[in-house]
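Q: In order, the protein sequences belong to chains S and W.
Residue numbers for the first sequence follow the numbering used here, so the first one is 785 and each next one is one higher.
Residue numbers for the second sequence follow the numbering used here, so the first one is 785 and each next one is one higher.
Honestly, the hints are just simulated from the structure, not real lab data.
There's no promise every hint is true.
[To be verified] Straight-line distance between alpha carbons at most 20 Å, and here's what the computed EDC-like set of lysine to aspartate or glutamate pairs gives:
| no. | chain 1 | residue 1 | chain 2 | residue 2 |
| --- | --- | --- | --- | --- |
| 1 | W | K1313 | S | E889 |
| 2 | W | K874 | W | E842 |
| 3 | W | K1313 | S | D1207 |
| 4 | S | K787 | S | E889 |
| 5 | W | K1310 | S | E810 |
| 6 | S | K787 | S | E810 |
| 7 | W | K1310 | S | D1207 |
| 8 | S | K1310 | W | D1290 |
| 9 | W | K1080 | S | D1207 |
| 10 | S | K1009 | S | E989 |
Note that the structure is predicted; figures quoted are calculated from it, not measured.
Protein chains: 2
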Amino acid sequence: MGKRILVVGGVAGGAGAAVKARRTSEDAEIVVFERTPYVSWANCGLPYYIGGVIPRREELFVVSPRRLASRFNIDVRTRHEVTAIDRARKAISVRDLETGDAQEERYDALVLATGSKPAHPPIPGLDGPAVFTLVSVEDADRLQAFLEERKPGRAVVIGGGFIGLETAEALLERGFSVALVEMMDHLLPPVDREMAEPLAMHLREKGARVLLGEKVAEVAQNGNKAAVRLASGDAVECDFVVSAVGVAPRLNLARQAGLTIGQAGGVVVNDRMQTSDPDIYAAGDICQIRHLVTGKPVRVPLAGPANKQARVAGANAAGGDMRYAGSLGTMVVKVCDLTIAKAGLSEREARDEGIPHYVSYTHSQHHAGYYPGARMMAIKLVVDRFTGRVLGAQIVGGAGVDKRIDVIATAIHARMTVEDLEDLDLSYAPPYSSAKDPANIAGFVAANIHRGEVDAIEPDELEALLEREDVQLVDVRTPAERKAGEIPGARLMPLDQLRELAGELDPHKRTVVYCAVGYRSYLAYKILKQRGFDDMSHLAGGFDAWKMFHGKPQII
Amino acid sequence: MGKRILVVGGVAGGAGAAVKARRTSEDAEIVVFERTPYVSWANCGLPYYIGGVIPRREELFVVSPRRLASRFNIDVRTRHEVTAIDRARKAISVRDLETGDAQEERYDALVLATGSKPAHPPIPGLDGPAVFTLVSVEDADRLQAFLEERKPGRAVVIGGGFIGLETAEALLERGFSVALVEMMDHLLPPVDREMAEPLAMHLREKGARVLLGEKVAEVAQNGNKAAVRLASGDAVECDFVVSAVGVAPRLNLARQAGLTIGQAGGVVVNDRMQTSDPDIYAAGDICQIRHLVTGKPVRVPLAGPANKQARVAGANAAGGDMRYAGSLGTMVVKVCDLTIAKAGLSEREARDEGIPHYVSYTHSQHHAGYYPGARMMAIKLVVDRFTGRVLGAQIVGGAGVDKRIDVIATAIHARMTVEDLEDLDLSYAPPYSSAKDPANIAGFVAANIHRGEVDAIEPDELEALLEREDVQLVDVRTPAERKAGEIPGARLMPLDQLRELAGELDPHKRTVVYCAVGYRSYLAYKILKQRGFDDMSHLAGGFDAWKMFHGKPQII
């Protein structure tokens, strides 16, 4: 008989670790303990099930306990809760939630994959009967039953992160009136504010109310009616509330066992996913792992990293030797017709880390403009000021966003610079891209800044500059484009006439040129710079980026 | 006055070089000479224009000569042919094709971007009136006029490369009867045969005749009727023929000037895109550049590399200092509902290069299986046997192919190994991918081979082995799956019963296990290996890959 491997938790991390352990060792005894009745189900599918995109509940279940038994010879015990770990005796205490019986199970290796639970901030009324969360099958069942029985019409979603956004989309698709309340000043807090502005605008276009910078003070309930009272004094009336204020790792077992919990709030593991006890491995949301840009420990409660960690933990628990590299926190969310994605550091995170950096903004079509159906995307790069290394990327747009974030995530993983991005030989045919892919163009623009070929000013810097100084601000768009808005105080000099009109400008005055997305202003910069303008910048990302900063993005 | 920069050719390479030269030097004099009436038009858009996907001809023109003049202060001379270069005097001879006048133009820097012309193999009748090519606007105009005036019904496309495939698609979409004739034994010769099999099958499903391994002997014409006679003796009757047998670089000017032409058949350039004459730069199809995997010179007549080279040539011609890294030959083609893509080396190319390598096959859904609309893709990796470095990738499937080829192209550029592919932190949400992205899964499978965790046999190796030896061949699929076909001589032992049935097998006999795509056979390999089977392999890519080798792929 081989090793006895016990796994706590039967979803992404646990089920993944168990099957990898089996592939590594055919003679190990492998037992999975899962608190709920369900294993290996599609966590990320819940909002789509609620929205009706995934029509049948059974589609949420990826691998059945029966399949885990027959194919992998894994003993799966659902409705079994692990209540304690005795590290000295290498045993766990397990309670059968059906019978109430408790027993002890000995292990040679233990894998902890207890995952996350919904965060419960101390908001009065958040435990009321018309308040739902959406992180488990039971949650989805409860919400689905409520929706079908009570036929409510008005929803408030609290929290503008992944689950909140996907739930808002789901409820909109199902025809509900939806209000989304976010405490921060922008949706999807991991991305920078201006990159998230299109999200709020898009959700509003789709009919949602989006309340930003609003703290929820109380959820009041009166019979079938509910109201979300905001700290600002307003109240949003509704029929039910989905609380998506975030998730917290289930650390009670790890804490009880005395495993080291780190500064990032997760179980400390090495690159073999071994905890401070070498016989105990961990995988998924409870771990803190290495951030591939900063090298620092972070928690990344996402399915991709959880699955990779599970493979490593399972292999090593069964006597293998695999390593987990770490994560870039790569993420993508679909919100109706918009996609937003991020990899690596945001500008705020780079600033918080104290890494000298600059950013670039580009706006590109997702495939050849002459091929029908091209959609715009905005790409923001965060770049190491000294080395040109790409530290992070954020993309928002109508299509092709997931592709470019994955290309740039791969580049970040490989520690590529913006000049490497320029060089990437990416696939091109008109239905898929342009001869200069949006990822290349992001590289071109950032590398131009890096090589000192152009001085770019970011929208927030320009705003501060305009308040502080008398700036010669030149709009090089056409008169027609200017009708859609302008930066106050800008003088119109369409690019195609700039060579003739440049004489009207003072070459020794602080000058900023801008256009729609930053390409023509770059050309204008080159024209004026070479005519002796000695204190000049162009606006990174153009008027589109300016609008994103001012809450009026036009991405799609 | 700055430098005088002359550019020969006004499409991707030439126009791109000219505008980059302007951005680099505001005071240079820049003149573009273009033989045709058109500059900066969408080469890659022609098949879509013929197919009606791009409805209006004017959409093919990206930047007008007027715009090049007004915005970039570039002097564009269309219908001007450059007939000779006098390097000693730094001058070119130019003929005005309208007036016939010849003149001489002096240069400080010259950029050659003369591009490609259709190849003209010595096939009798290929210059007949019902034979068309599709590499220029004039070609498209001629074909379009023919189609509208003569309302033909039956087309033969000669050549199964990019243009041939896209033209076949276009003609099918326009309702023609289409026969596609390819001399090689498979379509899209740069990819390996088995990866191209789904293309032929798909085109046949769409109603095309696909004739492989057929050489065209003659194009016969009789009034309004034509016939393509094959060397095999058959003839295909039709109303018109599109010859897409490849393109050849226009090297006459470079040759006349005595510039060094290299072994790959292109103008030799350094990484600044400088030819053997330091005052003459080149960009696009005529150049031979560095292959990023082999380091050897290659010609890559594709738009992506041309545009990047143009930027470098233009900047340097104007006094800048940029470098071109090289190319992976990354490509993608849409053929009706199928996409096929390649980056880096094919298996055949790796073999021809003498690089010890292995391959892996994986079949994955392009996004979460439980989210509606998931399509399959097959990924083939070619891997350096010693280092695990990814040498190349080929992907064919229904959706998401362009994304994965770009991710893997980025990985190849960064010299990543298959273990790095395992680690890539790619974006996941159900509409975009799975928690284990197809690129990760390709990495998992290849890395398992690399680490010696499994011995994989490739379909062609298995075929040879079965002819040579008495092999214990085990099919671990279900009885239901087996109805769709099997490898002759295989014994059925469904994976879920394998642990019980293994005793019926001889552990000391050469054993090969297979399933549908290679995952269950990998599990079976692990089960049997650990039971003492000492001479065992599993079939890479499973029965799906086997079928691809035997011309019956089931990708979509």
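Q: So if I understand the rule, the pair passes when the alpha-carbon distance is 20 Å or less; does K1080/W with D1207/S pass?
A: holds (17 Å)
Q: Mind checking the alpha carbons of K1310/W and D1207/S for me, to see if they're no more than 20 Å apart?
A: violated (42 Å)
Q: Given the hint that K1310/W pairs with E810/S, does the C-alpha gap stay at or below 20 Å?
A: Holds, at roughly 7 Å.
Q: Take a quick look at whether K1313/W and D1207/S sit within 20 Å of each other, Cα to Cα.
A: violated (45 Å)
Q: Does K787/S pair with E810/S here, judged by a C-alpha cut-off of 20 Å?
A: Judged against 20 Å, a Cα distance of about 10 Å means the pair holds.
Q: Keeping to a limit of 20 Å between CA atoms, is the pair of K1009/S and E989/S held or broken?
A: Given that 20 Å is the threshold and the Cα spacing comes to 26 Å, the pair is violated.
Q: Hint check: K874/W vs E842/W, CA-CA at most 20 Å. Holds or violated?
A: violated (37 Å)
Q: So if I understand the rule, the pair passes when the alpha-carbon distance is 20 Å or less; does K1310/S with D1290/W pass?
A: Between K1310/S and D1290/W the Cα gap is close to 76 Å, so the pair fails against 20 Å, i.e. violated.
Q: Do the alpha carbons of K1313/W and E889/S lie within 20 Å of each other, as the hint requires?
A: violated (29 Å)
Q: Hint check: K787/S vs E889/S, CA-CA at most 20 Å. Holds or violated?
A: OK: K787/S and E889/S at ~13 Å, within 20 Å.
Going down the numbered hints, you'll see the structure goes against 1, 2, 3, 7, 8 and 10, while the others check out.
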